[in-house]
Amino acid sequence: MARIPKKSRTWMSRLQSAHESLSLTYNIIRLPCAYRFTTLFFIATPNILPNATANYTHMILSQPHSQHVSDVAIVGAGPGGLAAALILAASGASVDIYESQPAVGGRSRRLTLDGDEGQYHFDVGPTFFMMPYVLDEILASAGSKLSERVELQRLDPMYRLLLGRPDQAPITLDTTQDLRLMEQRLSAIEPHDGPAFLKFISDNRRKLQAMTPLLRSPIRSVLDLCSVDNMRAGTHLRPWQSLYEHLRGYFQNPHIRLALSFQSKYLGMSPFECPELFSILPFIEYEYGIWHPRGGCNAIMNAMREIAEELGVRFHFNSPVDTIEFEGRQAVGVRVNGALHRHKHVVINADAAAAMKRMIPESLRGAWSDQSIDRKKYSCSTFMMYLGVDGEVELPHHTIYASRQYEQNLRDISSNGVLSEDPSMYVCNPSRLDDSMAPSGHSALYILVPTPNTQPGVNHVDWNSSSATLRERTLDQLETIFGVGDIRGRIRAEKHITPNDWAAEGIQYGATFNLAHTLGQMLHKRPQHKMRGVEGTWFVGGGTHPGSGLPVIFLSSQITARLLCAELGLNCALDTPSTRHSGMLQPWTSPTVNI
0 MARIPKKSRT WMSRLQSAHE SLSLTYNIIR LPCAYRFTTL FFIATPNILP
50 NATANYTHMI LSQPHSQHVS DVAIVGAGPG GLAAALILAA SGASVDIYES
100 QPAVGGRSRR LTLDGDEGQY HFDVGPTFFM MPYVLDEILA SAGSKLSERV
150 ELQRLDPMYR LLLGRPDQAP ITLDTTQDLR LMEQRLSAIE PHDGPAFLKF
200 ISDNRRKLQA MTPLLRSPIR SVLDLCSVDN MRAGTHLRPW QSLYEHLRGY
250 FQNPHIRLAL SFQSKYLGMS PFECPELFSI LPFIEYEYGI WHPRGGCNAI
300 MNAMREIAEE LGVRFHFNSP VDTIEFEGRQ AVGVRVNGAL HRHKHVVINA
350 DAAAAMKRMI PESLRGAWSD QSIDRKKYSC STFMMYLGVD GEVELPHHTI
400 YASRQYEQNL RDISSNGVLS EDPSMYVCNP SRLDDSMAPS GHSALYILVP
450 TPNTQPGVNH VDWNSSSATL RERTLDQLET IFGVGDIRGR IRAEKHITPN
500 DWAAEGIQYG ATFNLAHTLG QMLHKRPQHK MRGVEGTWFV GGGTHPGSGL
550 PVIFLSSQIT ARLLCAELGL NCALDTPSTR HSGMLQPWTS PTVNI
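Numbering that gives the first Met the number 0 applies: residue 0 is where the sequence shown begins, and numbers increase by one.
It cannot be assumed that every hint is accurate.
Listed next, with one range per pair, are the computed distances between beta-carbon atoms [to be verified]: (1) Ala187 - Pro212: 30 to 40 Å; (2) Gly532 - Pro238: 20 to 30 Å; (3) Asp461 - Ala565: 45 to 55 Å; (4) Trp239 - Asp461: 33 to 43 Å; (5) Gly142 - Gln329: 24 to 34 Å; (6) Asp373 - Glu493: 31 to 41 Å; (7) Val417 - Arg164: 17 to 27 Å; (8) Leu178 - Leu569: 35 to 45 Å; (9) Glu493 - Pro238: 37 to 47 Å; (10) Leu518 - Asp202: 17 to 27 Å.
Derived pair list, reagent style EDC-like, types lysine to aspartate or glutamate, alpha-carbon separation capped at 16 Å [what the hints assert, rightly or not]: (11) Lys144 - Glu309; (12) Lys343 - Glu534; (13) Lys356 - Asp321; (14) Lys144 - Glu305; (15) Lys343 - Glu326.
To be clear, the hints were calculated from the coordinates, so they are not data collected in a lab. From the three backbone atoms N, C-alpha and C, an ideal C-beta is built for every residue, glycine too.
Put together the whole structure using the sequences plus the hints.
Structure representation (structure tokens):
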């Protein structure tokens, strides 16, 4: 072997020493302040206590990443956490995301089932994608575009409604953004209600425009409701009315009222209890459309992860957060598998109610005591079926069946806590237009049945015995109401999720749509974007304002990110001239798919 010249060895030694010095300096700088002084003392005076110096220096400098202090820890890589991470990182913050699952998405994660002919893919949770421009604002702040990352297709029909009637076949109504065609279809059911639909759309266009500041702003107290913009929004609201009662002022036919109020289920509520301000939900569908992202809604989550990683966000998968660590009333980090990871701020994207009970000491929570949280009103839960099916299924992308005894079905869910004999249900059939979801010639069917949550005193369902019963009832309805022939003989892969399973995932009472959106639990009555009474603790997601559903979860992320950027002394990337929104109503175009 050739001998390295002495002069070269000298330079190599100097380079190695310089590298070690830089590495040592970096490792000391990243230590918490309390350790930094002690470490420098031992290094500067190695002869005083040589053994202690060696042992202490090795112990401290070999500590894992948990000693690094980044600006923000985000608990949960769901849509709210991902959106907040993008905005914060684009604004200059250092961000770490801790996710208990092996992949992003939270309830918007992907489920894959194996069959003999290949794999079937499903969104676990949301399948309706609406208001793409809200997410586009977030991606623009990170220097990207939704259209560059995900292939979106506008659906027509948006969805098919099967409106159950006692002793008769259901009314079939295919919904469309063509408002004149929709007027004709409604007039065929009830002549008065077609023109009334156009007035309903016009009124809600003004209503949503007026409510834009309310939906985009933090509501911390009654004082925030007294701003000029929010007072203007109040002139469009009738808080004493339910959504269904509000629709009586427009529509004569009860089935048409149902067709424009079932959207309260997006909030996990009955239209007979849901506040009338949510009449904006059906309007949003008809104004902005419903979209399918190729690969499912989880494809959006993966695109957000890619952008986040490009911005330097660090992901920690299979890393469930045990608790948030506090020094006094200041959050100083998160504890994962017993190890403390220090951060200046912690953003909670987990289920707000359950996360508070599990992660934050009750003594720091003020009004959100365990007892208070347990007594809140929660949304319904869901029984989920994911079926890999042999053969194509002749259903549109989205089909919704409303029970023949719809009011009784809602009482069974929210008051009686039992399973209905004739449950409402929703079926998503993405394979109809997306060949990435199932093997060729097969279908991936997503089925959702609203059910009682598991709150004591509300629920009377034993899911250990009732799951099989509801499965059979659901398959019967697929055949008799949805027209899917021989469904049992065609199933090649299958998985269920019950309310008990949702609760086991850390969702309070398995309430998949979070805290109910009653008047007493809205606006400043929901968990705040910045938690009161403590420092450095934040919320995003459906548990805070504005509420549940992907578009408004993205709005909550914008609100939290703006507030947090201000505390960090950063200019929020959302507010640069190129990305600043000009109001909530934005056009968004993409190819329409007729199915």
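Range hint compliance [Cβ, Val417 to Arg164, 17 to 27 Å]
Between Val417 and Arg164, where Cβ atoms are some 23 Å apart, the hint holds.
Taking the CB of Leu178 and the CB of Leu569, does the distance hold inside 35 to 45 Å?
The hinted range 35 to 45 Å holds for Leu178 and Leu569, with Cβ atoms some 43 Å apart.
Does Asp321 sit within 16 Å of Lys356, going by the straight-line distance between their CA atoms?
holds (11 Å)
Range first: 20 to 30 Å. Now tell me if the beta carbons of Gly532 and Pro238 are that far apart.
Holds, at about 28 Å.
Lying within 45 to 55 Å: is that true of the beta-carbon distance Asp461 to Ala565?
holds (49 Å)
Between Lys343 and Glu534, is the straight-line Cα distance small enough, at 16 Å or below?
Holds, because 9 Å separates the two Cα atoms, which is no more than 16 Å.
What's the verdict on Lys343 and Glu326, does the C-alpha distance respect the 16 Å limit or exceed it?
holds (11 Å)
Pair hint Lys144 and Glu309, alpha-carbon separation not exceeding 16 Å
holds (14 Å)
Quick check on a hinted range of 37 to 47 Å for Glu493 and Pro238, using CB atoms only.
About 44 Å separates the Cβ atoms of Glu493 and Pro238, which means 37 to 47 Å holds.
Within 31 to 41 Å: is that where the Cβ-Cβ distance between Asp373 and Glu493 falls?
Since Asp373 and Glu493 have Cβ atoms about 34 Å apart, the given range 31 to 41 Å holds.
Given pair status - Glu305, Lys144, alpha carbons within 16 Å:
Holds. Lys144 to Glu305 sits at ~13 Å (cutoff 16 Å).
Could you tell me whether the CB distance from Gly142 to Gln329 stays inside 24 to 34 Å?
Between Gly142 and Gln329, where Cβ atoms are some 33 Å apart, the hint holds.
Checked against the numbered hints listed earlier, the structure breaks none of them; every hint is satisfied.
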